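Novice: Residues per chain are reported as follows:
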Amino acid sequence: MFDTLTDRFEGIFRKLRGRGKLTDADVDAVAREIRLALLEADVNVGVVKQFVGRIKERAVGEEVTKSLSPAQQVIKIIHEELTATLGGATGKLQGGSRSPSVVMLAGLQGSGKTTVAAKLARHLERDGKKVLLVAADLQRPAAVEQLRVLGERIDVPVFSEPTDPVAVTRGGIEEAKRLGRNVVVLDTAGRLQVDDALMGELAAIRDVVKPDDALLVVDAMTGQEAVNVAETFAATIPLTGVVLTKLDGDARGGAAMSVKEVTGLPIVFAGLGEKLDAFEPFHPERMASRILGMGDVLTLIEKAEETFDAEEAAKAQERLRKGEFTLEDFLEQMQQMKKMGPIQNIIGMLPGMPKELRNADIDEGELGRVEAIICSMTPGERRDPSTINGSRRYRIATGSGTTTAQVNAVLKQFKGVQQMMKQMMRPGKKGKKGLMMPGMPGMPGLPGT
Amino acid sequence: MIHIPALGAARRAHHFTSANGFRRRRVPAPLVGSLGYGMKRTSDGTRRPRLRDRMSRSRAGFRGLRRRGRLGDDAWDELEETLLLADVGMPTTTALLDDVKERVAADKVRDAEALPVLLEDAIVDVLTPAADRSLARADSGPTVWVVTGVNGVGKTTTIAKIAAQELSDGSSVLLAAADTFRAAAADQLAHWADLLGIDVVRAQEGADPGAVAFDGVQAAVARGVDIVLVDTAGRLHTKVNLMNELGKIIRVVERTPGALQEVLLVLDATTGQNGLTQARDFTEAVGVTGVVLTKLDGTAKGGIVLAIEHELGVPVKLVGVGESAEDLVPFDPREFATALVGSDDDQAEDAT
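In the order they appear, the protein sequences are chains A and B. Just so it is clear: in the first sequence, position 390 is 390 by this note's numbering, and no numbers are missing. Whatever position you read off the second sequence (first residue = 1), add 1000 for this note's numbering.
If we strip away everything but chain B, and leave its shape as in the complex, we get (with noise of 0.2 Å):
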């Protein structure tokens, strides 16, 4: 086992015995939240540059504000609509504004070049800096995390990409098909797990998706299995009827007790203002724990998850910012309002 001498005892791993008699290695929970979900292998920090990276061009709007010179409107209106392109929405946008108003107010700013840095530690204050944004994990017994989300938004990938990282990590997983709805849903799954050389529980198109996921966690229990990824059918947030079989898959998990640690809400960041309505409507139905942010390496910026942590307090868990398992990197406030304003790349641009 690797020792790392900063860390100490947390990060020495347990050991214990589960019901059927199989042992497994087991990371403890206080560990994952002071790194980060998924940070505990690359020490060296290689993948924090390259949400940046990713996200460069989303930048370009805010840079124009650093060459404006004097504080005036026009700085503001810019400010504005940079904020709005990013999806943030009016209300929030409305918000920072006026806290970074009142920061320049405080600071006596005059200059529009120190409005970026500003805007910054407003976006990491609406962003609940100190929320805990690890993937919780059960003391005993197999963890269950459930992937929900409106239709598209990369459920089965983001399933896949975790699984990827957790058996890298020396986890067992195991993969509970329970969309069996969309046709070739759970042989979408099964491709992955058959990639993965992982189990895969799945039942006939059309069947109940409660009982998939409940016979997942069982097989989990049975095989000793630490984590069971539930995938579930995409649906609109507005259809009560599947809103209701989401909420009977959940409380068919939390049969198994200790089992149910997270609800994670998968959201496009191409998403606009409906990103708040869905979240709402999943957390009031589920309650949902964490938020995964997706397809995050196109121009798209996913702002609306400012508004979802400020209204709703759901944090933001996990971003995707590519198409292989390590591109799915755990979320950072600082690192992602930096990503959004770029004052940091400005000031490395500004010193050549």
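The following block holds chain A by itself, in its conformation from the complex (with noise of 0.2 Å):
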């Protein structure tokens, strides 16, 4: 795979540093960097070209800064560019004035409308709506049967009947109203944008219920098709708003840049698991980041803030200073990164990650083991691991599940780390205090750590 458009981006300038503008003939290097970039990404090749043509006129002639390099300076200029294209209203539905409103959900065979259909019922319910979810897939098998599944682990109710689709949603509508529920999520079957017949019967249900929100569901993963469905797609109905899901792989997702750019339309959520919680408002300029390669920093570090309990980081702190790092410790930070999501994606949106790291296997299970590990000893082994004889290690192998040789790696391991804390914690060596992250237990785990 390619290095990051930064690194590429720095060979290219490494040339040009001390000069005062850039050049027709930097740019055009430099255009010729994005637009290998964004194609990597996925990003319709007619899309590309536009965009590249927006960045050229606005890069030529620009001073080069004193506090930017000319990568950083470039790659300012596209992030923002790239973040505006991408940008609009997102996490909002546009709703109605009436009750029910309706939210209709319709996209390609695959793109994950059902799961939607959920997380966006699960969302609108926090957000003190009542939903009722209507199934208008009578087209995959057992469609249906996964809606009402997934209805009863969000404890919203689920309408459907064997008729045919319209028929289904006039029902639905008539049902939310019984019941008093006042928003419907309304899953239909994926379809082909080139089948006419399907497309027909979309239309027919956009007739029916004149929904206040049409959203198209859209795969991360798409390529270049992605601006044919979209452009198909809204020709057939009014669409108000875009879903991206399937974004917890590591496809760059240009998809989103193509069908923003021909569609205009807000990417209005994304889709980040299968769990029905992974779900949440699109970051524009987050996935400008993603698309250019250049790390998710911002998700990063308020996943941070949102995750890292400020008092027990002090604490922990403290005991640091006094050089008292224990396995005690040692566990809690682990835990708490845990906390913040896959250690893989972590390390994907950190920038400037070698790229060994980023792509290795991540092994979330070794974490498992390192935890049942230190969980297995008393507290006071934990405290002091040097009381740890050959008996002792044979109970926490036992209790932990675990071989004695494992056990052994991960004092070994701690070990280590203990050194490293202290050395960083010792006085006088001011500069590197403020580096530590907090929660960076040498990242066990690791293959060659």
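I should point out that these hints are in silico values taken from the structure, not numbers from a laboratory. None of these values were measured; they are calculated from a predicted model. C-beta: ideal position from N, C-alpha, C; glycine also. Please note: incorrect hints may appear among the correct ones.
Restraint-style ranges between C-beta atoms, simulated for each label pair [as the list claims (entries may be wrong)]:
(1) A:K275 to B:L1097: 42 to 50 Å
(2) A:G368 to B:Q1204: 22 to 30 Å
(3) A:G128 to B:T1128: 57 to 65 Å
(4) B:D1125 to A:G416: 46 to 54 Å
(5) A:D164 to B:T1128: 19 to 27 Å
(6) B:Q1204 to A:A203: 36 to 44 Å
(7) B:S1168 to A:S99: 50 to 58 Å
(8) B:K1248 to A:A203: 44 to 52 Å
(9) A:K76 to B:E1102: 38 to 46 Å
(10) A:G91 to B:D1125: 32 to 40 Å
Which chain A residues stay away from chain B? Per the calculated CB distances, all over 10 Å, these [stated by the list, open to error]:
(11) G91
(12) S111
(13) R126
(14) K130
(15) L138
(16) A167
(17) L239
(18) G249
(19) L265
(20) Q406
(21) G416
Using the supplied hints, reconstruct the complex from the two chains, each of which is provided in its own coordinate frame.
Specialist: Right under this line is the structure:
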């Protein structure tokens, strides 16, 4: 795979440092790189062309400032432009004055409509709405059953009947009125945009419900096809927005930019996993970073802020200063880190992480094993691991379902981290203190550490 | 039994007796290899034009090339753009263009009209035309095909189609619903099993998928079933835990010697460059033996399979070009290339 755009730009600009202005030739060289990066991210070829044109116009003649390197400067321009392109009203539905208001979901097969329906229902319920899920996907076997199960999980009623999608929709709205639900979330069958019969059916449903919101569900892994899909769906039903799904994978998600550019529709929500709470408002600036391959620094910072208990962190800091970093702290930090989500995601969000580490298979189970091992120790052992002798080691291994060799490995790892912490905390090395990130216990479980 | 003279002895199915005394008819593997999977029944070739029809929409881009006259930068740019629009991806596109440029130099071509044919040849070469694209079968005992892929690519539907084709070819089929994660996934598979009148082995939601796969294979051994199709939960290749779980399913199936014959990766034709990453990660984790490219009946071109074959050497075995069971057809490199480039189509057009 390619290096990040930042790396490549640094290469191009190394030779221009100290010059006054970005010239045509400089920008051309950069434009080629942007084009490659965007194509690699699956942004549509036509969309890339337009975008690169805009960047060139903006960048040529730009003064090279002192505070930023030329590379950083161009990246800043691109990032701003891309964020602006992706931006729009996110996180909110248009809604309507009537009750129930209707949110209709449409998209290709397998884009994730049914899961989004349940996630959206959960999201709206948390906002104090009363939702009725209506399953109008009578095409895929067991799609209705799937929505019923999901509805049960989030405690939201589900309506369907084995008639036809238009009748189900009509019945669903009546049912919502009867039950006093004020939002109907309508799941429809997946369809190809070239299937005229099914697209006609979608139009028929639209005519019956006149949805307040009609959302196109788009898989973040979609390639060039995103443009055709978005254009045809937008022409069939008046879409009001887009939901981007499967963002928890490693696809760069250029489809977001393609769809946004050709339809102008806001990307309202993002799906980030199979769990029903893995759903959040779409963040244009984060997506811009992701498409450019710059690492999602903002998300990481926010997540860290959310997750770390300030008080606990202060306590840990205090102990650290006294040089009392114990296995208990080690465990605590690991648990804090786990709260931030899969380690792989966190590493992906850190810019400048070496490629090997970004692509490394990080075994979450390994973290779990380390946790189990520490939890199988007595508080005394956790405070002073030197008391752990052969028979204790055996007991710990048995208790945690591991082997004594694994227990040894953890103890060794911990010793290394403890040493590191001591060095960092040693007075007189002030410069290093500020560099330490909270809760980075030497990344246990990484291969090669 | 139908006897096709041209194929002679190879066509003759052999009989054998399984451990529990069931007599079964089995199509020998070499036959499948020589004809391509699923082509046994349709000697008139009705399936082939179909793929081209279904993909006709994707060819519009390439057609413009023929009317460009002399070979200039424009023609090359257009060629590049069309490949990129087909999700072929930059590295493979560059490799293909370099190849075509070499062919142009070698043949002293001056006319852009010749480009589509040269490009078609280059695509076929990238696709390792000699690769074995048939689905492998066990010499004795049940044959197990495990179907994997990320979420929403069409695994369950693909299984239903393969099962339907195998049934009409006279094999007995059993389905194992090892997707115990997604709500109602087993119901979806059971629905198909009902329609096809075959057995499905399933467990409760949240059950161990490895156990379901194991039960499926054991049931097939006991009942003397020829083919077991194991449906697995969709999983993103980035989730280490889920990939490990898939590894366990595979190991469990491998316990019945010779049973595991195929690990198929289902890939949605609308997938972009991430398709290569998916194929790489699944192959590393569970040794994918073939790709099934689905949803090729839209305008998506599935060009990423070029990169997958080129870089990973994993052959595309089947393509899905429509809703019905017959719409799952064997992958043919020449046909795929022709469908993408549309050169013979244009010749027909020019002739009229």
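Novice: Hints numbered earlier in the text: which of these fail when held up against the supplied structure?
Specialist: 5, 10, 12, 18
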